[in-house]
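Visitor: Single-letter residue listing:
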Amino acid sequence: MENLNEDYTHIKGWGIDADPKNEPTYPMKKYTGDDHNRINWERPPLQPVNIEVLHSNERPNITAVFGTPNPPSGLSGSIRRFAFKHSENEYLHWLPLILADRVNEIEGIVDDLKRGHIPNFFAEKGLKAELKHNPKGFAKRILVTVAVASIAYAMLSKKSKRH
Amino acid sequence: MLAMNYRGPRRVRADQKPMPEILHPNDAIVRVTRSCICGSDLHLYHGLVPDTRVGTTFGHEFIGVVEEIGNSVQKLKVGDTVLVPFNIACGQCAFCKQELYGNCHESNPQATAVGGIFGYSHTAGGFDGGQAEFVRVPYADVGPTIIPEGMDHDDALLLTDVVPTGYQAAEMGGIKTGDTVVVFGAGPVGIMAAKCAWLFGAARVIIIDHIEYRLEFAKNYANCEAYNFRSLEDPVLFLKKTTDWFGADVCIDAVGADASGNALQTITGKKLLLQAGSATALHWAINSVKKGGIVSIVGVYGPTDNLVPIGNVLNKGLTLRANQASVKRLLPRLIEHVQAGRLNPKGLITHRIPLEEVGDAYHIFSSKLDNCIKPVLIPPSARI
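Taken in sequence, the protein lines are chains S and W. Under the numbering used here, the first residue of the first sequence carries the number 1, and numbering increases by one thereafter. Under the numbering used here, the first residue of the second sequence carries the number 164, and numbering increases by one thereafter.
Nothing false has been slipped in among the hints.
Here are the simulated lysine-lysine pairs, DSS-like style, with alpha carbons at most 27 angstroms apart: (1) S/Lys128 x W/Lys433; (2) W/Lys454 x W/Lys479; (3) W/Lys260 x S/Lys30; (4) W/Lys433 x W/Lys531; (5) W/Lys531 x S/Lys136; (6) W/Lys433 x S/Lys136; (7) S/Lys12 x W/Lys382; (8) W/Lys238 x S/Lys29; (9) W/Lys260 x S/Lys29; (10) S/Lys140 x W/Lys531; (11) W/Lys180 x S/Lys128; (12) W/Lys509 x S/Lys12; (13) W/Lys453 x S/Lys21; (14) W/Lys531 x S/Lys132; (15) W/Lys491 x S/Lys21; (16) W/Lys531 x S/Lys128; (17) S/Lys21 x W/Lys479; (18) W/Lys479 x W/Lys404; (19) S/Lys114 x W/Lys180.
None of these hints come from the bench; they were simulated from the model. If you're wondering where the values come from, they're calculated on a predicted model, not measured in any experiment.
With the sequences and hints as input, model every part of the structure.
Guide: Here you go:
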């Protein structure tokens, strides 16, 4: 579609990378034919495996390098081990991983407390920035929190009085 | 060392963590001098990416100084100042040989669908990232690039992801001279994609978002038209009308999983996690592009499913192109563009925040406070 009536040509570099050959599949992939050798390339040296590394069952091995922080542990680790028994194609892979992440969040708080560290939710959630740059939003957040807590408290105390 | 520490959705802090070590002969340890928070880090921050473990350090956009190298590293030496592409790539597998450095098969044991990425959950290899004082960089002979003499380090920093991703978004669009290009999302990558669309000869570039300050910024920075979809009753209908009822030649999704604008997508994608994030931008891109047009996707989605009008892709004869940017492939050309003044990456940076205040930094970026476009974290070791 030619629509050359705009004053875009003053833009520095306009059209400098225009390439009539740039059609789908070009130039994303420099085709070499290596695909047909499948996974038979010369592998880089392998990183020693000194921790538990969960690997996708859609590949035969662990990659030559991998991240070592945060190997699976605790209840979340057990859930992750279950997840990795299922392929990336399955919800049974991904949904347990999301569940494990939520469990891991609680484990993180417990670990903090065990180490004598009380999490500073105010700082971790960046609420100082909220107070500074969005004081109305901050006030609304506080009011909503107080309202929800008050309602919950009122309901609970009503229930215990009945008992 | 001090490092960002993920504690759960919308909870991060700076903590002391053990120093990274050389674990492979081609590793390097880099002392980070600057790192960015990327829009895609917000998907992790919001808890949308499975297998994001508590204790992880995010950060895939960083530069720094080589402090230590493994015994097989030949292209770097201690003291080199390097920019580090966000992809971790071996350079030897079939995919790397085809310059698909974002799809390396030797850097991520946990998933075959994506290569290794620094600080991007165990779904992307489980590596710690660069929002720290020090970081382990695998395959040091492949990815890290010595920052050319005279290049501003802020420019170099944005060459690790934002510029290549924005450029590849435009490149994958197969833009022809005279094309109308629509970019969904006026975050840093969307703004860069709009800017790069001109390099490919676009005649009209339109950016769509709902954050006014970002639209204003994009209009000035990328010389493009900018529209707020909240003020358009139906953005797809608007785009049809403004392209003579034809549709754009190329649409770019630079939003991904955190898109706003459609209640059904927001509730099912972001609140209930019934799909892999909200696919509103992609939905609009498919419906706004012309028949036979190209939709280029660089917005990041989770690994499960999304609601998109795939029937329209068939009936309109569309081509969908998508990938994680192949940073190493694009760097030589992009360095030329920066040095020639055709691209001004550092112009996107609006905030510099000490690493110690990482909780505030994430909140400012996530909640779009203080007219934030691109925040940079400065570790204490860089301030000595």
